[in-house]
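Make the full structure from the sequences, and use the hints.
First to last, the protein sequences are chains A and B.
Each position in the first sequence, counted from 1, maps to that position plus 2 in my numbering.
Each position in the second sequence, counted from 1, maps to that position plus 2 in my numbering.
No wet-lab data here; the hints were simulated from the structure.
No false leads were mixed into what you were given.
For the chain B half of the interface with chain A, some residues (derived, Cβ under 7 angstroms), not all of them:
(1) 81
(2) 82
(3) 343
(4) 350
Calculated from the model, a selection of chain B residues having no Cβ within reach of chain A, i.e. all distances over 12 angstroms:
(5) 20
(6) 116
(7) 178
(8) 234
Derived pair list, reagent style DSBU-like, types lysine-lysine, alpha-carbon separation capped at 35 angstroms:
(9) A/19 <-> B/333
(10) A/28 <-> B/333
(11) B/333 <-> A/158
Keep in mind the model is a prediction, meaning the values are calculated, not measured.
Yeah, the Cβ is synthetic: ideal placement off N, Cα and C, and Gly gets one too.
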Amino acid sequence: MNAQTGYNFAYVDESTKRMIRRAILKGVAIPGHQVPFGSREMPLPYGWGTGGIQVTASILGPSDVLKVIDQGADDTTNAVSIRAFFRRVAGVATTERTAEATVIQTRHRIPEHALTERQILVYQVPMPEPLFRLEARVAETKRMHALADYGLMHVKLYEDIARHGHIATSYNYPVMVDGRYLMSPSPIPAFDNPKMDRMPALQLFGAGREKRIYAVPPYTAVRSLDFEDHPFRPIRAPHACTLCGSRESYLDEVITDDRGGKMFVCSDTDYCAERQAAKAAAE
Amino acid sequence: MYVATKGGEQAIGAAHAWLAETRRGDATLPELTVPQIEEQLGLAVDRVMAEGSCHDRGLAALAVKQAKGDLIEAAFLLRAYRTTLPRFGASAALDTGAMHIRRRISATYKDLPGGQVLGPTFDYTHRLLDFALAAEGNALPAVPHAEPNTAQTPRVTELLAREGLMQREATSEAEPGDLTRDPLSFPADRAVRLQALARGDEGFLLGLGYSTQRGYGNAHPFVGEIRVGEVAVCFTPPELGFEIELGDIGVTECQMVNQFKGSRTEPPQFTRGYGLVFGHGERKAMAMALVDRGLRAEELGEDADAPAQQQEFVLYHCDNVEATGFVEHLKLPHYVDFQSELENVRTMRASAMQAAAE
Numbered sequence: 003m004n005a006q007t008g009y010n011f012a013y014v015d016e017s018t019k020r021m022i023r024r025a026i027l028k029g030v031a032i033p034g035h036q037v038p039f040g041s042r043e044m045p046l047p048y049g050w051g052t053g054g055i056q057v058t059a060s061i062l063g064p065s066d067v068l069k070v071i072d073q074g075a076d077d078t079t080n081a082v083s084i085r086a087f088f089r090r091v092a093g094v095a096t097t098e099r100t101a102e103a104t105v106i107q108t109r110h111r112i113p114e115h116a117l118t119e120r121q122i123l124v125y126q127v128p129m130p131e132p133l134f135r136l137e138a139r140v141a142e143t144k145r146m147h148a149l150a151d152y153g154l155m156h157v158k159l160y161e162d163i164a165r166h167g168h169i170a171t172s173y174n175y176p177v178m179v180d181g182r183y184l185m186s187p188s189p190i191p192a193f194d195n196p197k198m199d200r201m202p203a204l205q206l207f208g209a210g211r212e213k214r215i216y217a218v219p220p221y222t223a224v225r226s227l228d229f230e231d232h233p234f235r236p237i238r239a240p241h242a243c244t245l246c247g248s249r250e251s252y253l254d255e256v257i258t259d260d261r262g263g264k265m266f267v268c269s270d271t272d273y274c275a276e277r278q279a280a281k282a283a284a285e
Numbered sequence: 003m004y005v006a007t008k009g010g011e012q013a014i015g016a017a018h019a020w021l022a023e024t025r026r027g028d029a030t031l032p033e034l035t036v037p038q039i040e041e042q043l044g045l046a047v048d049r050v051m052a053e054g055s056c057h058d059r060g061l062a063a064l065a066v067k068q069a070k071g072d073l074i075e076a077a078f079l080l081r082a083y084r085t086t087l088p089r090f091g092a093s094a095a096l097d098t099g100a101m102h103i104r105r106r107i108s109a110t111y112k113d114l115p116g117g118q119v120l121g122p123t124f125d126y127t128h129r130l131l132d133f134a135l136a137a138e139g140n141a142l143p144a145v146p147h148a149e150p151n152t153a154q155t156p157r158v159t160e161l162l163a164r165e166g167l168m169q170r171e172a173t174s175e176a177e178p179g180d181l182t183r184d185p186l187s188f189p190a191d192r193a194v195r196l197q198a199l200a201r202g203d204e205g206f207l208l209g210l211g212y213s214t215q216r217g218y219g220n221a222h223p224f225v226g227e228i229r230v231g232e233v234a235v236c237f238t239p240p241e242l243g244f245e246i247e248l249g250d251i252g253v254t255e256c257q258m259v260n261q262f263k264g265s266r267t268e269p270p271q272f273t274r275g276y277g278l279v280f281g282h283g284e285r286k287a288m289a290m291a292l293v294d295r296g297l298r299a300e301e302l303g304e305d306a307d308a309p310a311q312q313q314e315f316v317l318y319h320c321d322n323v324e325a326t327g328f329v330e331h332l333k334l335p336h337y338v339d340f341q342s343e344l345e346n347v348r349t350m351r352a353s354a355m356q357a358a359a360e
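Laid out in structure tokens, this is it:
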């Protein structure tokens, strides 16, 4: 208990952390399987990352260095707020540099820089169930996962192709983990999906409102669903970043005036800033 | 040269300061005190206690003040406080039969043991704005005082049950599930369902309960009894080994009597819909009792095709702290996903236009 804040280290009490760590361990043991857990009310609202916050709080140690991003950026208001929360209740060091962080909590993106074995990526998840748009009843989707009965999702993708000529899912694109469980990658753009495959970093997923935790252990196969004749294709705006010139990174479209003017900039602010600094140093 | 928006931290700080200023309002007017809210906005305080599922009038009043009167926000504040408290045990079941009654009415009997006690109710007021109330310091009307009602006030449903007309509930000594510790799983047993409904949103349950009366669920309810008052909470600390009284809490209980046509194993009889909420909350207790009975459809072998009869639909969506979080999170940035959708729609439009041109 910290006398100054009046709360335990990282806000969550130790018995709750133990319960969450058990759920995480179970998740790691069964990659892609959603583990129900006794999610607590957090001092931030549901939908703001309460699942991610509980996972981060349970794995954080005093020597960790935390990075928080939302939409790939460190300076979005919600990322700022969550980072400030952990600075206040855990007193841990925070960073905006991907390479320096040991724990990265993210909403909607995977950093452009490849992550390493000494890092953990914590995703905020709104709807952990990849099948929820096709089958709303949780009791039923549970049965479908148990039987690996994923025909419904394949039919949905097939119907996309029949209607549009290609799969019309551009984010929260379903993946198969370790050839067994269908999993929601959280609403990251499909562009980021390939980064999940055999990633050296541990990937943890927390859904607070839906009370589920799941995990992808390091170096686990993560395959985006597709068909032989319609292979998975990540979507990216076909432009270069106006600030750093990158043609590889995921871009945000920025409207610059009301006459159709627009530009494209990296969504990963750390990646972009680093490239701009390198360019400036070279000049 | 384009510079990305920075300064989220200062913006958040400034927004919070502005929020505090608007909460205070016109500084020439006296500031509301927490005891004033507790005493004079008592039903708001009760609703926050019920939906915040934490019985503490003082903290609920503070939450109402802090939330500028936004009761869902206030319930959330109280929940976020409640979750930090240790859970040291389960109390004995409340004996609402021994309630100190402030109000007790039955719609099924004209008179009954214990009598009809109207209590402080809006029911027979004429909803005419009382312009005199706009000025402070009005003398209160004289309230006639009566001796406290010490007569036994048996529950109406118990009177029916003794005659075999009301289905008895199965009793169990097992500790009920706790949905603040274990997430909902389905099918959920009745204790867990009632827990979820007791902390559920009044408006949502009201709408659902109403729908059962309008043909979505085929309910034929009668208010067997509504009682409002104070009831003792008893607890047996393991280190003492005997039961002690922790104190009284205010609750509203509603028992709805519903017809049941009978099944192969059970004769025709009445069945119960049950509602219990913290504080004085009749609308919520009644709606809860209607929905509770709706959710029993399957167990009683009735058709269960109306929304109020479907467990997952009702229980997953009745919590307003969860619901408001997920609805309101849509105002958080989604530009990464929207960008993917933009590219996606542009691609689809291009192929559609090409097809049209050919």
